[in-house]
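Just so you know, the protein sequences line up as chains A and B, in that order. To convert, note that position 51 of the first sequence is 60 in my numbering; the numbers rise steadily by one, no gaps. To convert, note that position 146 of the second sequence is 249 in my numbering; the numbers rise steadily by one, no gaps.
It is possible that some hints are incorrect.
[Stated by the list, open to error] Computed beta-carbon distance windows for the label pairs:
(1) B:334 / A:126: 37 to 45 Å
(2) B:121 / A:113: 52 to 60 Å
(3) A:38 / B:342: 44 to 52 Å
[As the list claims (entries may be wrong)] Calculated from the model, a selection of chain A residues having no Cβ within reach of chain B, i.e. all distances over 10 Å:
(4) 24
(5) 45
(6) 86
(7) 102
(8) 108
(9) 112
(10) 115
(11) 130
(12) 159
In short, the hints are calculated from the structure, not lab data. Keep in mind that this is a model prediction, so the values were computed, not measured. Glycine is no exception: its CB is placed at the ideal position from the N, C-alpha and C atoms.
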Amino acid sequence: MRQGGSATLRRGPAVPDAIGLLARLALGGVLLVAGLLKVASPAQSALAVRAYRLLPYDAAGYLGYALPIVEIVLALLLLGGLLTRGAAIGGGVLMLAFEIGIISAWARGLSIDCGCFGGGGTIAASQTHYLEEVLRDAGLLLCAAWLTVRPRTAYSLDQRLFG
Amino acid sequence: MRPDASARIKAAAPQQGPSKTVIGAIVAAVVIIGVVVAVIIGSTGGGGGGAGATASGNAVPVGATGPGGGIVANPGKSRAGAPTLELYEDFQCPVCGAFERAMGSQVTRLAQAGDVRLVIHMMSFLDANLHNDSSVRAAAASACAADQGRFLPFHAAVYAGQPTTEGEGYTDAKLRSFAQQAGITGDALAQWSACYAGGKHIKYAQAVETAAEKAGVFQTPTIKVNGKELALKDLTPAYLADQVKAATK
């Protein structure tokens, strides 16, 4: 019974639903671009993960190969608003892992490109963008947190399929 | 009666269409299959990293310090107490080309005089970035030159002939012309060609890349004196000379 809900819909989405929609599009959009830019270059993606020097050689390689696929699937779920809470938790876990990786590389004095959108590996110390990378992922982590707490969003497949 | 019945059914089972569990299971299956396929494609060398180069055997070239080790560019020349000067380079790396133009002759002099034991690791990770296999083929070609005792001249010829546009790469004919410029002629050239065309040292070149990454080298050129990395921004001929002198016992 959603009399209230349908009345709201006719006036346009409620503000929290609209915020959720924006969070979905931001997190999903960034994940989609990041995944697509890396998926055709698995060797480069593996190198980018290895350059963090946090995981054993082989494990880092497998993570590098797998990451673009996971990013693309989560992105499609978020953009469509399907299984929003689960996808947001997945996206949030990724962002948390990226934050740990970037901050630890920064703290250890490595000069690497985050490899977030392809590329990656060692770069000149003057070319690092750790602060921007950390802030961007923190913003996306906030989006994931919002959607985890309140997965109901405007124009979502979840709402269409499950009410 | 029908509308009432359907309304009751809807109330009892509000999830018409597919249930969340079913969709969740499908998504999970897609992720698992996708990840497995990606790991298999990645592990078998798809998408760069010398995918196109044919490899045969895993012969270690003359002068290599081991499988995956660099090549000693001045075998038997270094004096007792001379430090080891290690270069990690990629034949497609423009900064390596700039390094060779600026310091190559000094490095060669140090090596020929026996002031250092010069070990060169030819990496090939730029193949993945540039979507070709020129780095790994050129590295294997340089290993074939090492078999003919002409590693350093070949190395110099490649950097002298490095394309001005990064990513243009090296054709087989180009690499053969570098071998000739390096003074490999006659029977030696025939042996070099057989070695190169047979992909004799492709696996060695890939092993060098892996070993370098395991040693934490993700950038070229990386220059080490007795294992200590020299910062590129400090690098001048005078600085290199000082570092070598300081490391000499």
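Structure-based check of each hint:
1. B:334 / A:126: 37 to 45 Å: violated (27 Å)
2. B:121 / A:113: 52 to 60 Å: Given range 52 to 60 Å: violated, Cβ gap about 41 Å.
3. A:38 / B:342: 44 to 52 Å: Since the Cβ atoms of residue 38 of chain A and residue 342 of chain B sit about 47 Å apart, the hinted range of 44 to 52 Å holds.
4. 24: holds (26 Å)
5. 45: holds (13 Å)
6. 86: violated (7 Å)
7. 102: holds (13 Å)
8. 108: Nearest chain B Cβ is 21 Å from residue 108 of chain A, so the label holds.
9. 112: Non-interface label on residue 112 of chain A holds, nearest chain B Cβ at 19 Å vs cutoff 10 Å.
10. 115: Holds, because the least Cβ-Cβ distance between residue 115 of chain A and chain B comes to about 16 Å, which exceeds 10 Å.
11. 130: Violated, since 4 Å does not exceed 10 Å.
12. 159: Residue 159 of chain A is indeed farther than 10 Å from all Cβ atoms of chain B, at 17 Å.
The structure does not agree with the numbered hints 1, 2, 6 and 11 stated previously, though it agrees with the rest.
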